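Chemist: Here is what each chain is made of, one letter per residue.
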Amino acid sequence: MHSKKLFVKKMVMFMVLAFLLVGCSAKNSSTGSSNSASGDTLRVGLQAPMTGDNAQYGQDMKNGVELAFKKINSEGRINGKKLELIVGDDKATPSEAVAVVNKMINNDGVKAIIGGYNSSPTLASQEVSGPAKVLHLNMGASPDLSKTKNPYLFRVILTGSVYVPAVMNYMAKEKNVKKIAAIFENTDYGITMYDAAKQSTKDLGVDFITAEKYNPGDKNFSAQLSKIKTLKPDAVMVVGLYNEVALIEQQAKQAGLNVQFFSPDDSMYSEQLIKLGGDAVENHIFASMIDLNANTPQMKEFKALAEKNNVPAQANTAIAFDAAMAIAKALEKGGGNADKDRDALANIDISGITGPIKFDKNGDRSNTPMIMQVQNGSFKVIKDSE
Amino acid sequence: MFVDQLINGIVLGSIYALMAIGYTMVWNVLRFINFAHGEVYMGGAFVSLYLLLLDTPIWLAYLGGVCAGAFLGYLMEKVVYMRMRKAPKLNLLIAAIGISIVLQNVAQYIWGATPERLNSPFLSKNFTVGDMEINQHYVFIIILTILVMIVLELFMNRTLMGKAVQAASQDINATQLMGINANKIISITFAIGSAAGALAGILVGPVFLVYPTMGVFAGLKGFTASVMGGMGNIPGAMIAGLLLGLIESFAAGFISSGYRDAVAMVILLFILLVRPQGIFGKIIQQKV
Amino acid sequence: MIQTNKTVYRKFLLILGVIALFFLPLAVTNPYVMYVINLILIYTLLALGLDLIVGYTGQVSVGHGAFFGIGAYVAAILSKNLGFSFWVNLPLSIIVTALIGFIIGFIGLKLIEEYLVMATLAFGTIIWLVFLNWTDLTGGPMGIAGIASPPPIKIGTFEFVFFQYQDYYPLLLLFVFLGILVTRLIIRSGFGRACTAIRDDELAAQSMGIPVFKTKVMMFTISAAFCGAAGALYAHFLRVVSPETFTFSMSVTILTMVMIGGQGSIAGAVIGASILTVSSEVLRETPELRMIIYGFLIVVMIMFFPKGMMGLFQLVKRRLQKRTLQAAETTPEKEGLSYEH
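Protein chains in written order, with this note's numbering: chain Y, 1 to 386; chain D, 1 to 288; chain P, 1 to 341.
I should point out that these hints are in silico values taken from the structure, not numbers from a laboratory. This one's a predicted model, so the numbers in the text were calculated from it and none came from an experiment. All clues stand as given, with none of them false.
Computed list of lysine to aspartate or glutamate pairs in DMTMM-like fashion (alpha-carbon distance at most 20 Å, straight line): (1) Lys307(P) <-> Asp201(P); (2) Lys80(P) <-> Glu127(Y); (3) Lys89(D) <-> Glu202(P); (4) Lys275(Y) <-> Glu116(D); (5) Lys125(D) <-> Asp279(Y); (6) Lys86(D) <-> Asp200(P); (7) Lys89(D) <-> Asp201(P); (8) Lys227(Y) <-> Glu133(D); (9) Lys89(D) <-> Asp200(P).
Cβ-Cβ distance ranges computed for the label pairs, FRET-style: (10) Ala174(D) <-> Arg193(P): 36 to 46 Å; (11) Thr135(P) <-> Asn258(Y): 26 to 36 Å; (12) Ala304(Y) <-> Tyr109(D): 24 to 34 Å; (13) Lys86(D) <-> Asn73(Y): 56 to 66 Å; (14) Lys86(D) <-> Ser85(P): 45 to 55 Å; (15) Asp136(P) <-> Lys86(D): 47 to 57 Å; (16) Asn73(Y) <-> Thr135(P): 36 to 46 Å; (17) Trp134(P) <-> Gln166(D): 41 to 51 Å.
Listed below are several chain P residues computed to face chain Y (Cβ distance under 7 Å; list not exhaustive): (18) Pro31; (19) Tyr32; (20) Tyr35; (21) Gly140; (22) Pro141; (23) Gly143; (24) Leu238; (25) Val240; (26) Glu244; (27) Phe304.
Cβ atoms here follow ideal geometry from the backbone N, Cα and C, with glycine treated the same way.
Work out the full structure: start from the sequences and follow the hints.
Modeler: Here's what the structure looks like:
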């Protein structure tokens with residue numbers, strides 16, 4: 001009799017588990033299997049890190065895209081069609097990016113993809129979206145993203161080869177820095193940014209005395225920092241995202257390394273930097289394509305919209321908002337035909353929060369960055385864009 | 001550079017030592033590796049962080065985190081492991097990993113994946129000794145770890161409860177025959193080990209931040225330290241933890257920081273193959 | 001007489017089923033579903049490989065994710081740096097992985113039970129750290145992207161090209177069938193029986209004259225080779241490899257597949273791989289809860305079905321048999337009916 005009880009218990013458990021899974025898949029089929037656009041909706045994918053160390057960036061981007069879609073859907077839609085966002089978590093890793101972009105294109109039938117945030121996952125996933133002729137408007141900084149020859153790949157932020165000279169110039173001319181130590185993320189982003197920085201040193205009379213690497217997700221930089229400390233540099237260039245930049249500068253202060261820190265781009269432009277870094281990130285200098293305190297009508301409109309929807313107005317939120325607006329414009333003009341959509345995006349000319357949005361033949365924007373600094377716990381422009 | 005790495009090594013080592021206690025104590029009574037122990041480290045730190053957001057005084061928030069960690073360990077045992085006493089060890093291992101996946105993602109669901117800094121009253125101040133600067137929080141970590149070690153030693157050797165735990169680690173079935181409630185002992189073991197793990201998480205929170213996956217590598221290191229010290233040997237685990245921190249820190253400073261974690265794994269292998277009873281362990285004949 | 005007829009009939013059905021499986025892409029039009037099916041096939045190969053050492057030999061490894069990684073990276077590096085095609089990379093991947101498996105087995109298999117678990121964990125983590133830090137060769141955290149797909153195969157007028165997921169499917173299926181065939185051959189051989197003897201009682205096996213250590217190392221090497229093959233297929237299928245795929249959690253995923261399917265069973269490996277892959281993909285629809293439910297499923301399944309799904313099926317089968325027997329005893333007039341099944 002005991003075995004019978006056990007058997008019944010097991011069967012019940014099995015049924016419960018089966019129902020749980022079926023329940024989830026039923027939800028899947030109700031939203032997912034209606035392949036591609038069903039009549040009056042247009043699907044756009046977001047490839048971004050939603051979990052893991054970089055999840056904050058993904059969340060900011062999602063907020064930005066959702067704001068833009070809300071605005072468009074309430075104001076006349078796209079040729080009568082509603083925009084629908086499909087979020088794909090690439091976990092900031094190449095293989096997951098390929099898997100999720102695959103799913104968004106083949107299962108959800110997205111017409112365009114916004115993201116990814118990190119360079120390496122984007123370089124990997126554009127190999128899927130390119131042949132599928134899906135527009136891919138990314139936010140990676142690596143100069144390698146200009147060299148893919150993928151006509152469907154565009155980039156909403158500036159390329160590293162624009163950012164780097166701007167900040168190097170500033171450091172050499174205004175701050176009279178001669179010996180620089182570099183500490184960079186060991187990824188496409190970090191390596192190519194460091195290479196670009198190194199190339200620009202020849203004309204400026206500055207020198208990189210050391211280059212230390214770290215892997216994304218590292219939290220302990222004591223080994224690299226104590227090496228840098230013994231070399232006594234004038235300044236330290238950090239190429240990384242806000243988590244790492246904040247930690248590196250904090251740990252540098254703990255180790256007694258008190259020099260000027262700077263970054264070549266705005267990847268760490270986030271309130272999180274100041275929240276995590278506190279006093280340690282004070283005076284940090286970086287090149288940026290956006291100033292959230294700018295006094296332009298677009299910025300005001302964006303901030304009002306963000307406030308209304310209870311969304312924090314972060315730099316990445318604003319950039320993703322611009323990306324979504326550009327994609328929407330292209331989809332409206334192209335009318336859903338892959339090639340026409342592409343041409344529409346290639347020839348786009350609108351003014352967004354981040355200035356005029358235009359793409360060159362590599363799919364890059366050619367705006368010039370400004371130089372910003374952390375002062376008294378907030379981000380101040382110290383040199384305007386030219 | 002040398003002194004820098006020495007201090008870093010001792011701080012890291014203290015954390016590993018605290019983590020190792022949990023692995024070793026659980027091994028003592030149940031003879032299995034609780035792979036979910038790293039999540040206790042994470043859970044404790046998150047609860048402290050949350051309490052601080054509610055404007056709790058710092059000492060109370062830290063204490064709350066430690067208690068929450070102990071409770072989490074207790075809960076794991078009661079809900080899952082206790083029902084699997086007769087299952088093969090491999091099933092327990094998989095269950096532990098399943099728990100670990102659940103807890104990591106529950107933490108992410110509740111608090112988000114963004115790393116957060118736990119407050120510490122000492123973090124922004126440095127002691128200056130000659131031209132050396134030592135962060136006060138580091139000193140705080142070291143002092144607290146030594147304190148925990150002393151208290152744990154006293155508990156194990158001077159109290160009846162501690163002696164019962166020791167007896168259980170020799171032979172849990174015999175202990176039960178002697179009229180000691182084995183389940184209670186196991187629960188206490190889990191709670192104490194988890195409290196130490198949670199404390200480790202809270203102490204590193206201000207330095208290496210608090211995030212859902214923080215326990216993965218800390219767990220692996222704590223586990224390595226417990227093997228180094230000889231599985232089941234509590235003082236051995238603590239000393240081995242310190243040693244591991246020092247070796248790692250010097251390897252990172254003078255060889256390569258990328259392979260910092262590999263050092264621990266190489267040591268683990270070496271110990272397993274050459275001295276499976278651990279640096280401080282006694283040889284126990286394999287029972288057939 | 002009836003018995004032989006039945007086995008022939010069964011075999012015929014089996015062959016028919018196998019042939020039908022190859023034509024699955026005709027029925028499945030959604031490329032994403034095809035992608036998931038392909039993933040299941042790769043995981044099946046991995047689970048089959050791990051089951052050889054865990055299920056049939058009783059030695060637990062939590063380092064097989066690293067072997068999968070070695071296979072994938074060898075194929076990726078050869079394809080990217082030397083331009084070798086898939087058909088060259090596959091055997092090379094298998095050889096390299098088997099070699100490394102042999103070395104690790106030779107060092108590690110002296111240990112038993114939990115100590116073996118720890119050693120394989122250490123080996124797996126070291127190999128993963130090499131993937132992550134040897135940037136010149138492996139691309140570090142960036143991994144290697146743009147691996148060439150397998151070259152087209154020409155058989156007479158037919159040409160098989162590999163562009164879309166349904167093109168890969170027959171290839172992967174073929175390798176899974178090969179894997180199943182090899183597994184069956186091994187476990188039915190004297191060598192396989194020696195392994196089972198070691199699993200059931202190592203000491204007894206030794207006293208029967210089985211060279212325990214040698215047998216274990218052999219099986220470990222074969223098991224690693226399976227993962228190497230899966231790795232090469234994975235690299236050429238997904239066309240990108242990056243280190244975070246091959247961490248400890250991959251090793252655990254494979255082990256969980258074996259456990260949940262049921263150890264020491266070919267069908268179990270297939271079932272385990274299918275359950276975990278499908279649930280992981282289905283749960284993408286609720287991204288916030290995905291991993292929570294996934295972890296919960298693992299805990300509950302391992303708690304309530306310690307012998308996996310195959311254990312459950314056997315339980316059901318035994319129940320049914322008992323019931324039919326009981327029915328046969330109480331109602332003799334239905335005797336004929338119950339024997340027909």
